[in-house]
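Note that our numbering has the sequence shown beginning at 3, numbered continuously upward.
A portion of the hints provided could be inaccurate.
[Said to hold, decoys possible] Distance condition first, Cα-Cα at most 27 Å in a straight line; then the derived BS3-like pairs of lysine-lysine:
1) Lys171 with Lys91
2) Lys91 with Lys243
3) Lys76 with Lys300
4) Lys300 with Lys268
5) Lys300 with Lys78
6) Lys91 with Lys133
7) Lys133 with Lys171
8) Lys292 with Lys268
9) Lys300 with Lys75
10) Lys292 with Lys232
Quick caveat, the hints were computed from the structure, so don't treat them as lab data. All figures in this text were calculated on a predicted structure; none of them were measured in a lab.
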Amino acid sequence: MPTIRISPAERIRGGIEVPGDKSISQRAILIGSIAEGTTIAHNILIGEDCARAIDACRALGIEIEEVVTANNKKPKLAISGKGLQGLTKPARDLYLGNSGTSMRLAMGILAGQGFDTVLRGDASLSRRPMKRVALPLRMMGARITRAATAGDAGNRRTRSDLYPPLRIKGSYPLRAVRYTMPVASAQVKSAILLAGLYARGRTEIIEPIRSRDHTERMLRSFGLQVTVTKAGVSVESGRLKSPGNIRIPGDISSAAYFMVAALILKSSRVTVRNVGINPTRTGILTILRKMGADIQIKSHPMTGGRYEPVADITARSSRLRGVLIGPEIMPRLIDELPAIMVAAALARGVTVIRGASELRVKETDRIVSMSTNLRGMGADIELEGDTIVIRGVGELHGAYVKSFGDHRTAMSMAIAALAARGKTVIADTACIRKSYPGFEDDLRNLLC
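With the hints as extra help, turn the sequences into a complete structure.
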């Protein structure tokens, strides 16, 4: 079981480029596969989640190859799409490892196919609920059930809820729906939008709060008309045509660790270059600035196959203060909350985080993983249901902590360890490869 040992750091300084956005990379693989023509995805993340999406699309008959060039170190993929009706029945079950995004988006695509498919995941993904995705897809005509396993005998829980493995019996054409989402979720919304490509008529989704819009932006870049209103978003079936090249920005979730490290360590300054600043993802910038963070943003022009806004973000040492973080901003920063919790633990005053229930259904229950670890390092944290109350302390101390099998917990604890007194050992860190295979090397290069 791999571990990371981290000693306190005086400061962190320099410039860095983080890997391509994980959410956008997975969408590029899946949408590129059902488009017509070859798509070259630049700066794509080659992590475990994306590898599972690639394997699944290959099993569905899509040719995907890594593009090797002498002058460009950033990974590229050539995805030879076959159009909406070009997928073929796989010869095996599709294994998606720990990738909840890949599974939920694939459910939307497979709902409109003329064949059955079984989607499987690892032990962690098999504990993540899929009913909220399946319900609207069933309304559209797909049959989605749990695929039986040997362990199901006598297990009442698996019969009352819906957890992977899933059997999807597709139907074409699907029925268009007008679906009001009870909780904002980009993954659920994206699954419905992708199923809408295979439906007759207009598929409309009403959101209680606007969630990240990477799917809508990418569908537009592939030539589809997407209508966005204050209430939600809608699509009609139409051909997807490859734009040729798409450029994937650096992942703001990965940049968050280095921004927070620079803020909590004295005499620190870090610039993260080419980071995606999609307005539906910049909640972390809003909250950190509200906490008193010195953050500067230098935007780039949207040219050359770039359809997502990109910027260089510079963070400097700051005296942070506690803030109230409400449910209205959760869809814009849910993946960055573990890093924000580290900042809050060292800020002056009290930080209250409300409406964070989505953290409980990630790779692990991140409310539990982060509060357990931070308490072990001396943080003052109370949980009241899904509300997190963090009273800032002057200093954390080194400790033995665990990743709980979650990449974001592991990397957040690495940042906390830099500001702690004494050495910290983080156990079970192989999960970091899910989104940031080079995290340790990049962190080491910024320490001085």
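Cross-check of the supplied hints:
This hinted pair checks out: Lys171 and Lys91 have alpha carbons roughly 11 Å apart, not beyond 27 Å. Proposed proximity of Lys91 and Lys243 is supported: the alpha carbons are some 22 Å apart, at most 27 Å. Simply put, Lys76 and Lys300 have alpha-carbon atoms about 21 Å apart, close enough for the 27 Å limit, and the pair holds. Taking the CA atoms of Lys300 and Lys268, the gap is near 23 Å; set against the 27 Å cutoff, the hint holds.
For the proposed pair Lys300 and Lys78, the alpha carbon gap of about 25 Å is at most 27 Å, so the pair holds. A hinted pair counts as satisfied when its Cα atoms are at most 27 Å apart, and Lys91 with Lys133 qualifies at roughly 24 Å. The suggested pairing of Lys133 with Lys171 holds, with an alpha-carbon distance near 15 Å, which does not exceed 27 Å. Restraint check for Lys292 and Lys268: satisfied, since their Cα atoms lie roughly 19 Å apart, inside the 27 Å limit.
Restraint check: the Cα-Cα separation between Lys300 and Lys75 comes to about 23 Å, which is no more than 27 Å; the hinted pair holds. Simply put, Lys292 and Lys232 have alpha-carbon atoms about 26 Å apart, close enough for the 27 Å limit, and the pair holds.
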